[in-house]
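K.L.:
Each chain, written out:
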Amino acid sequence: MGQLLVVMTCGAAFYGAVLGFWRAPIQALYAAMKLPLVMVVTSCLTMVFNWMLATLMGTRMTLGQVTALTFLALATASLVLASLAPVALIFTLSAPEPSTDARTAHNLLYLFHTLFIAGAGLAGTARVKGPLDRICRDPARSRKIHYAWILTFAFVGGEVAWALRPFVGSVFFPVVFLRGDAFHGNMYEFIFSDILPHLLRWN
Amino acid sequence: MDERSPDALVNKEDIGSALPVSIPSAPSGIGPALAELLKHPLWAITRLESGGPILPSLRLLTGGAVCFVAYGAAAGFFQGGAQVGLAAMKAPLIVLASLLLCAPSFFVFGSLAGADLSGRQVAGLLSAFGGMLGVLLLGLLPIAWLFSFSTSSLIFATWLHVLAWAIALWFGWRFFTLAFPRAPARNVAFLWTVLFTVVSFQMATILRPVLYRAPGTPVVETGKLFFLEHLGSLKSPEPPKK
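First to last, the sequence lines map onto chains A and B. Residue 152 in my numbering sits at position 152 of the first sequence, with consecutive numbering throughout. Counting from 1 along the second sequence, just add 1000 to a position and that's the residue number in my numbering.
Bound-form chain B, shown alone (with noise of 0.2 Å):
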């Protein structure tokens, strides 16, 4: 996804170094500006940098809700029928609502790392954060469907999506080494990522049922419950299926 290893950027400088003389104006269309997130993450990180427009960075989040809408159809297919739409609706708020509990220890966690943050910059970045996990939620989407489809066990369905959101965040982390090279901003980016993911998954939990609801149950379930709780109560004897 970089045109360059992080570890060979040592300041903001030679981040500079590392891209053409000009950097072209920000896409105006939603699918252009996630393509070239994908091809030069830099790109969007330096115009925030250089005081650019927030509006791409929010073009970016706004293409990761729609990727989110549709891995969450995507997933959904598990059980079929209502639960698409209904996982289609739960998978971007579980993600934006994390953003959203999050972006103030990403401010404070970053400033005391060293990076010098506004907080347009840090809406900025945790945008196009969410653009980056939106599409590559999307480029995994048809394998999750095939599966979400295919399988009747709820526990490998399960693992399969928390898996695809590991690899989401992976290369969601990969593309903060480029916002901070510099090692202290950088091992902050890779603790706050961490938090983010434990976030997501309690966030997950709240809004539970995503994959399947059995008949008659409400559509979010009322009782309180830890992610870790839920995730283990998943060997609970499977649903029926269809």
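Next up, chain A with everything else stripped away, as it sits in the complex (with noise of 0.2 Å):
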């Protein structure tokens, strides 16, 4: 588990030093130290949540069976986005400078991070769904809980890099390492009431 924990911490950094690049160079350090520290926390809070759903669903599972899963999960997800991390410099470096004019680019970027890491999110869902099965040895009810453990991890996942941010960083607001309101609101919030509205002109 230790080697998985390196991975998922390397990866996430390099990745993390990518997704802060387009704000300033100071944000690409945060977001290097802070999207790891996402995973962490992510797999340290549904670590236990996941070994009581699969109890209660019927599946006999060790809290250490669950705790390597998760990092498993959260280690492929961090490998992918490494992967990933080429292609997103390359968008990261043709967007607008970051300025008060620059929202679109801003949005856009942080629709296309928002993607990636939850591509890379399933992707490393989908890489225990095979010991999952071998556990349960049950189709329909490893389905049940491989499910579930992807709703976990994407509204905790979510909810920690909401409560970690700026990552990629706003343009209204000065670079920090974290924000005084970090525990107000929550990243789908965001995304349907700003994101979303802004780059489809709602408002």
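For the record, the hints were derived by calculation from the structure and aren't laboratory data. Where hints are given, some of them may not hold.
List time: in silico DMTMM-like cross-link candidates among lysine to aspartate or glutamate, alpha-carbon distance up to 25 Å [to be verified]:
(1) B:Lys1224 x A:Asp194
(2) B:Lys1224 x A:Asp101
(3) A:Lys129 x B:Asp1116
(4) A:Lys144 x A:Asp133
(5) A:Lys129 x A:Asp101
(6) B:Lys1224 x A:Glu97
Examples of chain B residues lying across from chain A (beta carbon under 7 Å, computed) [to be verified]:
(7) Leu1038
(8) His1040
(9) Val1069
(10) Leu1101
(11) Leu1112
(12) Thr1197
Ideal Cβ placement from N, Cα and C applies to all residues, glycine included.
Join these two chains into a complex; the hints should help.
P.N.:
Structure representation (structure tokens):
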């Protein structure tokens, strides 16, 4: 599990650096530190709940097994993100310089990174489906647990990332490690009330 | 292009059974290598899987790059003059840079989908993929040249090349379905092809202008732009031609 933790940390740090690179070099450093933190904190917060879910759905799993599968999922996601970092970098370098006029660029980059991270998360959770099938020995039950875990990772990971924002870095706020209003709002609310309406010109 | 439907190939052993008992050694020239890639794409894949040298695949990529140069030159005839040479230089750069940027994700995606890939196989497969794209564009070159030379609409010319690129990419993806006939890897290959497509559009935007350069403007524009914005900006009044 130590190796998985190393892969998770390095992969996420690599992508995190690209994530923050658009706003400022210091933001790249902050994001490189915070994205691995998102992975580790998400692992810690979801492990016990995921173990409870599996138990409630009638599968006997030890907490150690759930821990290993959680680390496997998030390490895989980090590896996928690291492999996508060159692609993300080319789009970051192509975006207009950060300024208050570059809100559209910020929102596009935000959506783009969200899609990449969501895709990597799905790839990571897909990686644990095989081991989960072997442990459950019941495909239907395994599928239910798998979907429940995906939802848990998505909701918890999204909220942890929101609390540890900024990653891309807003054009309206200075570069900081953490925002003062860290626990105000959530990522989904931000995407549907700010990012998408601006891109689709709803407001 | 394939000698057997990808759906009929269930696993690597099936690939082997679809082939002649002995595969001829790789052609030594670039032309014969590209011709073989068109007629027997499985041979290049099987040589890579059986641990053959990577040189034939690199030969395919070199051939592909030559094809991109030719296609770029044909596209440059939209404006003519120096733009023919500039487009000929930019076209291979766009494709090769996109391949390089997407190589890490090809390895990771493929490995996660269950394909047992080595670095050598990744380099070989991507080189053959590049060769396939190049030779398909070469096939479309006369049409591209005719329309590029005769049309005065930048929008039409741009979308014509997008269509040609889409056709080449479709067959490029079909090449991957031969390398990865089983479902997870095959689907992931499709996903990667989409990623490669998006990156190639962005690379074309970074290296713009490819088709038309207004007098007095630099060879490569310095402003930063997303490819969607770039395609959208083509709605602006058309530049005077020639």
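K.L.:
Checking one constraint from the list: CA of A:Lys129 to CA of B:Asp1116, max 25 Å. Satisfied?
P.N.:
holds (19 Å)
K.L.:
Was the hint right that B:Leu1101 lines chain A, CB cutoff 7 Å?
P.N.:
holds (5 Å)
K.L.:
Please verify whether A:Lys144 and A:Asp133 have alpha carbons no more than 25 Å apart.
P.N.:
The given pair, whose Cα atoms are some 11 Å apart, holds under the 25 Å limit.
K.L.:
Against chain A, is B:Leu1038 within 7 Å by beta-carbon distance?
P.N.:
Violated, about 29 Å.
K.L.:
Holds or violated: are the alpha carbons of B:Lys1224 and A:Asp194 at most 25 Å from each other?
P.N.:
The hint holds at about 24 Å.
K.L.:
Taking the closest Cβ pair, is B:Val1069 under 7 Å from chain A?
P.N.:
Check failed: Cβ of B:Val1069 comes no nearer than 22 Å to chain A, outside 7 Å.
K.L.:
Measuring from the C-beta of B:His1040 to each C-beta in chain A, is the shortest one below 7 Å?
P.N.:
Since the shortest Cβ distance to chain A is 31 Å, the answer is violated.
K.L.:
Holds or violated: the hint that B:Thr1197 contacts chain A, with Cβ atoms closer than 7 Å.
P.N.:
Since chain A brings no Cβ nearer than about 12 Å to B:Thr1197, farther than 7 Å, the hint is violated.
K.L.:
Going straight from one Cα to the other, do B:Lys1224 and A:Asp101 come out at no more than 25 Å?
P.N.:
holds (14 Å)
K.L.:
For the pair supplied as a hint, A:Lys129 and A:Asp101, confirm whether the alpha-carbon distance does not exceed 25 Å.
P.N.:
violated (44 Å)
K.L.:
Assess, step by step, whether the Cα of B:Lys1224 is no farther than 25 Å from the Cα of A:Glu97, and give holds or violated.
P.N.:
holds (8 Å)
K.L.:
With a cut-off of 7 Å, does the beta carbon of B:Leu1112 approach a beta carbon of chain A closely enough for the hint to hold?
P.N.:
holds (6 Å)
Hint compliance for this structure: hints 5, 7, 8, 9, 12 are not met, and every other hint is.
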